[in-house]
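Construct all of the structure, not just a fragment, from the sequences and the given hints.
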Amino acid sequence: MATTAMSGNPAVLMRLVASSYTVAEKAGAIVRRVLQKGELGIVEKTGANDLQTLADRLVQQSICASLSKSFPKITIIGEEDLPEEAVDEDLIESRQSEEVLQKPCPAEYSALKEEELVVWVDPLDGTKEYTEAAKCLYLPYQVQMCQKGSDGQLLSTALWLLDHVTVLIGIAYGGKAIAGVINQPFFNYQLGTESANMGRTLWGMPRVGAFGFDLQEVPDGRRIVTTTRSHSNKLVTDTVEAMEPDDVIRVGGAGNKIIQLVEGKASAYVFASLGTKKWDTCAPEAILHAVGGKLTDMHGNALCYDANVKHMNSAGVLATLHNHQYYTSRVPQSVLQALKP
48 MATTAMSGNP AVLMRLVASS YTVAEKAGAI VRRVLQKGEL GIVEKTGAND LQTLADRLVQ
108 QSICASLSKS FPKITIIGEE DLPEEAVDED LIESRQSEEV LQKPCPAEYS ALKEEELVVW
168 VDPLDGTKEY TEAAKCLYLP YQVQMCQKGS DGQLLSTALW LLDHVTVLIG IAYGGKAIAG
228 VINQPFFNYQ LGTESANMGR TLWGMPRVGA FGFDLQEVPD GRRIVTTTRS HSNKLVTDTV
288 EAMEPDDVIR VGGAGNKIIQ LVEGKASAYV FASLGTKKWD TCAPEAILHA VGGKLTDMHG
348 NALCYDANVK HMNSAGVLAT LHNHQYYTSR VPQSVLQALK P
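Residue numbers for the sequence shown follow this note's numbering, so the first one is 48 and each next one is one higher.
I should point out that these hints are in silico values taken from the structure, not numbers from a laboratory. Treat each hint with caution, since some may be false.
With a cut-off of at most 16 Å between alpha-carbon atoms, the simulated EDC-like pairs for lysine to aspartate or glutamate come out as follows [what the hints assert, rightly or not]:
1) K116 / D135
2) K116 / D137
3) K116 / E136
4) K223 / E163
5) K312 / D285
6) K341 / E310
7) K312 / D267
Cβ pair distances, simulated, as ranges [stated by the list, open to error]:
8) N355 / S279: 29 to 35 Å
9) S279 / E310: 20 to 26 Å
10) L129 / G339: 34 to 40 Å
11) D128 / K84: 21 to 27 Å
12) S361 / T204: 31 to 37 Å
13) G268 / A133: 52 to 58 Å
14) E163 / V338: 43 to 49 Å
15) R270 / E136: 36 to 42 Å
16) G88 / I139: 17 to 23 Å
17) G222 / E136: 33 to 39 Å
18) L321 / V90: 17 to 23 Å
Values in this document were obtained by computation on a predicted structure and should not be read as measured data. Beta carbons are placed, not taken as given, at the ideal position from N, Cα and C, and that holds for glycine.
Here it is, written out as structure tokens:
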């Protein structure tokens with residue numbers, strides 16, 4: 048996608064999305080670079096299933112510093128609680144996507160001001176999968192990369208896990224997700240780590256469209272549910288079973304699960320539990336809405352993305368491309384009682 052130096056007349060929202068696109072591309076490159084060096088700098092935040100890596104830290108610094116420099120009045124809420132410190136200049140991205148700038152801004156958003164917009168940032172969605180993949184790719188102590196993949200199964204598992212990793216930048220106004228950017232750093236990993244074509248960026252806005260992927264749907268008559276790979280519990284399993292799925296796909300990352308929906312691999316994303324936060328769902332929700340899908344909590348209520356809202360999606364997440372009412376109607380009453388909005 049062509050980029051241009053920041054200029055001129057487009058609406059603030061379109062300029063912000065155009066900047067988010069190029070920042071997300073830079074973020075994907077950072078994620079790949081950290082993995083290739085093999086020094087992940089892992090920190091446990093609340094436990095072994097809640098990790099932070101050097102990539103999380105560098106990407107959040109890059110996104111927040113880049114967008115703040117160009118849009119000083121926007122509110123940015125990132126997943127990682129990082130100290131205030133100077134950000135290296137090479138982490139700053141000032142370009143904008145020409146493709147985004149050429150899209151017309153919906154009339155109701157054309158006069159929005161910076162201070163009315165809230166940006167939700169997940170610098171590395173699927174951190175657990177990212178770290179597990181690194182363990183497969185590197186020998187003990189992460190000293191030497193398994194270049195030849197002598198253990199084919201190990202390498203295959205590692206690459207599959209990397210496909211779950213995304214960078215998420217969601218933009219909200221009036222509590223609603225109105226634009227989203229998802230970078231998938233390891234897309235096309237089959238081409239090899241030196242390929243210039245590794246990674247892709249998806250973006251979307253309701254009433255503008257969704258781009259960077261080919262919209263597909265699950266074949267008629269099939270009901271496929273995607274859900275958590277590593278954070279399951281009885282509420283989750285009871286709800287998934289209640290959907291009477293033909294198949295269940297367990298993968299990491301909220302961004303990745305929405306990609307499963309829009310690329311025809313799953314009919315519904317079902318997560319009847321605590322765990323996801325607003326930075327996990329804002330960008331995916333905007334892209335899903337752009338193609339006619341829907342994302343709610345398990346009660347069917349819309350999520351709110353105001354700056355002061357609680358970060359936790361305490362009533363779970365239910366997302367579909369079609370037939371949302373069917374899935375909300377199947378949620379067990381015991382689950383609804385356990386998950387209060």
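Evaluated hints:
A threshold of 16 Å between alpha carbons decides the hint, and for K116 with D135 the separation of about 13 Å falls inside it, so the pair holds. Taking the CA atoms of K116 and D137, the gap is near 14 Å; set against the 16 Å cutoff, the hint holds. Between K116 and E136, the direct Cα distance comes to roughly 11 Å. Compliance with the 16 Å bound is thereby established for this hinted pair. Proposed proximity of K223 and E163 is supported: the alpha carbons are some 12 Å apart, at most 16 Å.
In summary, the hint linking K312 to D285 is not supported, as the alpha carbons are separated by about 22 Å, beyond the 16 Å threshold. A hinted pair counts as satisfied when its Cα atoms are at most 16 Å apart, and K341 with E310 qualifies at roughly 15 Å. With a C-alpha separation of about 12 Å, the suggested pairing of K312 with D267 holds against the 16 Å cut-off. For the pair N355 and S279, the supplied restraint of 29 to 35 Å holds, since their beta-carbon distance comes to about 31 Å.
At about 23 Å, the beta-carbon gap between S279 and E310 stays in the expected band of 20 to 26 Å. Hint check: L129 to G339, Cβ distance near 37 Å, so the stated range 34 to 40 Å holds. For D128 and K84, the Cβ-Cβ distance of about 24 Å falls inside the hinted range of 21 to 27 Å, so the restraint holds. Between S361 and T204 the C-beta distance comes to about 33 Å, which sits within the given range of 31 to 37 Å.
A hinted range of 52 to 58 Å holds for the C-beta pair G268 and A133, which are about 57 Å apart. At roughly 25 Å, the beta carbons of E163 and V338 sit outside the given window of 43 to 49 Å. Remark: the range hint 36 to 42 Å for R270 to E136 is contradicted by a beta-carbon distance near 50 Å. For G88 and I139, the Cβ-Cβ distance of about 21 Å falls inside the hinted range of 17 to 23 Å, so the restraint holds.
At roughly 35 Å, the beta-carbon separation of G222 and E136 lies within the given 33 to 39 Å, and the hint holds. For the pair L321 and V90, the beta carbons lie near 22 Å from each other, so the given range of 17 to 23 Å is met.
Of the numbered hints stated above, those contradicted by the structure are hints 5, 14, 15, listed in ascending order.
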